[in-house]
Structures are given as C-alpha cells and as structure tokens.
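According to the numbering used here, the sequence shown is numbered sequentially starting from 13.
Some hints could be false.
Restricting the straight-line Cα-Cα distance to at most 25 Å, the calculated cross-link-like pairs of lysine to any residue (SDA-like) are [to be verified]:
| id | residue 1 | residue 2 |
| --- | --- | --- |
| 1 | K145 | N166 |
| 2 | K86 | K118 |
| 3 | K140 | I152 |
| 4 | K139 | S153 |
| 5 | K140 | E130 |
| 6 | K86 | S128 |
| 7 | K140 | L158 |
| 8 | K141 | E121 |
| 9 | K141 | F167 |
| 10 | K100 | A117 |
| 11 | K141 | L127 |
| 12 | K139 | V155 |
| 13 | K139 | A154 |
| 14 | K86 | V116 |
| 15 | K139 | E149 |
| 16 | K118 | M87 |
| 17 | K139 | A125 |
| 18 | K140 | I124 |
| 19 | K86 | N109 |
| 20 | K100 | I115 |
| 21 | K141 | I124 |
| 22 | K100 | M87 |
Because the hints were derived from the structure by calculation, they are not lab data.
As the structure is a computational prediction, the values presented were derived from the model and not from experiment.
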Amino acid sequence: MASEDLFEHEFSEEQGLELQQAMETEAEELGETEEPLDITEDPPENPDAEFPAEPIADKPVTNGHKAPADHEAKMTQLPLARIRNIMKLDPDLHMANNEAVFIVAKAVELFIASLSRESYTYTAQSKKKTVQKRDVEMAISAVDSLMFLDGAMNF
Numbered sequence: 013m014a015s016e017d018l019f020e021h022e023f024s025e026e027q028g029l030e031l032q033q034a035m036e037t038e039a040e041e042l043g044e045t046e047e048p049l050d051i052t053e054d055p056p057e058n059p060d061a062e063f064p065a066e067p068i069a070d071k072p073v074t075n076g077h078k079a080p081a082d083h084e085a086k087m088t089q090l091p092l093a094r095i096r097n098i099m100k101l102d103p104d105l106h107m108a109n110n111e112a113v114f115i116v117a118k119a120v121e122l123f124i125a126s127l128s129r130e131s132y133t134y135t136a137q138s139k140k141k142t143v144q145k146r147d148v149e150m151a152i153s154a155v156d157s158l159m160f161l162d163g164a165m166n167f
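Produce the complete structure using the sequences and hints provided.
This is the structure we're talking about:
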C-alpha cells in the first residue's frame with residue numbers, strides 16, 4: 013500500500029499555494045488588504061505601562077481565523093512512541109518506520125473500537141451503563157473473529 017493512499021489528506025505544496033491564494037482573494041473581497049504597518053516605539057509615560065494588566069498566558073490561542081473547536085483532531089489517539097517501543101520488543105523486527113507504526117496504531121484503535129462496541133451491546137442488554145469484564149468475555153465468546161482472545165481475560 014502506497015503512502016499516498018494512507019495520507020491522502022495531507023497538504024502538498026500545490027494545495028498550500030491554492031489555499032494561500034484562496035485566503036488572499038477572500039481577504040480582498042472583505043476589504044482587508046495588507047498594508048505596511050508603521051511601528052514606532054514611543055517611550056512609555058509610566059514604567060508600569062510596559063507590562064499588560066493581565067498575563068498573556070490567560071488569553072486563548074487560536075490558529076488564524078478558526079475557532080478552537082474547529083481544529084482538526086489528531087490522526088491517532090494512541091501514542092506512537094509507545095507503540096514503536098512495543099514493536100521493538102519483537103526480536104524479529106529490526107526497524108519500524110513511521111508508516112508502519114501509524115498503521116499498527118490505526119489497526120489497534122479499530123480493534124479496540126470493535127471490541128468495545130461488541131462489549132457494549134451486552135452491557136446494554138443487561139440494562140447497565142458500565143462495561144464490565146463479563147461483558148467483554150461474553151463478546152469474545154460470541155464473536156468468531158474475537159475467539160483468539162478466549163482465555164486472555166483470565167488474570
């Protein structure tokens with residue numbers, strides 16, 4: 013599988029130029045033009061005026077014009093460095109590149125989502141809100157593709 017298939021949403025240079033041109037035309041339509049700013053520093057009238065009244069760290073940081081809720085989520089939920097370390101525990105593995113670690117992370121996330129979805133069906137059947145160990149065991153015994161986990165919950 014080629015990396016282009018995996019990372020189809022990444023920006024290339026051409027897409028970046030198109031995005032920049034679109035932003036410039038949008039700014040022109042709104043009447044916003046980039047004018048050179050005249051920056052002159054006047055000496056402060058009082059020495060306390062140099063420091064703002066409120067700390068800068070309290071202000072929300074946004075990415076351009078986007079609202080904080082509009083930021084895209086990370087591509088994976090699991091830490092890639094930890095997955096790489098687990099992969100390196102295998103003596104047959106000599107080197108794991110970033111694409112391989114990403115694929116394993118995505119596969120693990122999909123597996124966890126599938127197992128939790130199956131387990132939750134048994135939780136909902138018993139009219140409970142918390143997934144328990146017995147719900148996971150029932151899902152493992154009921155679904156054929158999860159049979160390789162049979163006995164893995166005995167600890």
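Note to self: What's the verdict on K139 and E149, does the C-alpha distance respect the 25 Å limit or exceed it?
What the structure shows: holds, 17 Å
Notebook entry, point to check: Straight-line Cα separation of K86 and V116 no greater than 25 Å?
Noted result: Distance ~16 Å between K86 and V116 Cα, so the pair holds.
Notebook entry, point to check: Straight-line Cα separation of K140 and I124 no greater than 25 Å?
Noted result: holds, 20 Å
Notebook entry, point to check: Holds or violated: K141 with L127, Cα cutoff 25 Å?
Noted result: holds, 16 Å
Note to self: Would the hint linking K100 and I115 be met if the CA-CA limit is 25 Å?
What the structure shows: holds, 15 Å
Check: Within 25 Å, alpha carbon to alpha carbon, are K86 and N109?
Finding: The hint holds at about 19 Å.
Next item on the list: Take a quick look at whether K141 and E121 sit within 25 Å of each other, Cα to Cα.
Entry: holds, 22 Å
Checklist line | Distance restraint between K139 and A154, which requires alpha-carbon spacing of 25 Å or less | finding: holds, 19 Å
Notebook entry, point to check: Quick one, are K139 and A125 close enough, alpha carbons at most 25 Å?
Noted result: Distance ~21 Å between K139 and A125 Cα, so the pair holds.
Checklist line | Holds or violated: K140 to E130, with C-alpha atoms at most 25 Å apart | finding: OK: K140 and E130 at ~14 Å, within 25 Å.
Notebook entry, point to check: CA of K140 to CA of L158, is that 25 Å or under?
Noted result: holds, 23 Å
Note to self: K145 and N166 were given as a pair; does the straight-line alpha-carbon distance stay at or below 25 Å?
What the structure shows: holds, 10 Å
The structure is consistent with each of the numbered hints, conforming to all of them.
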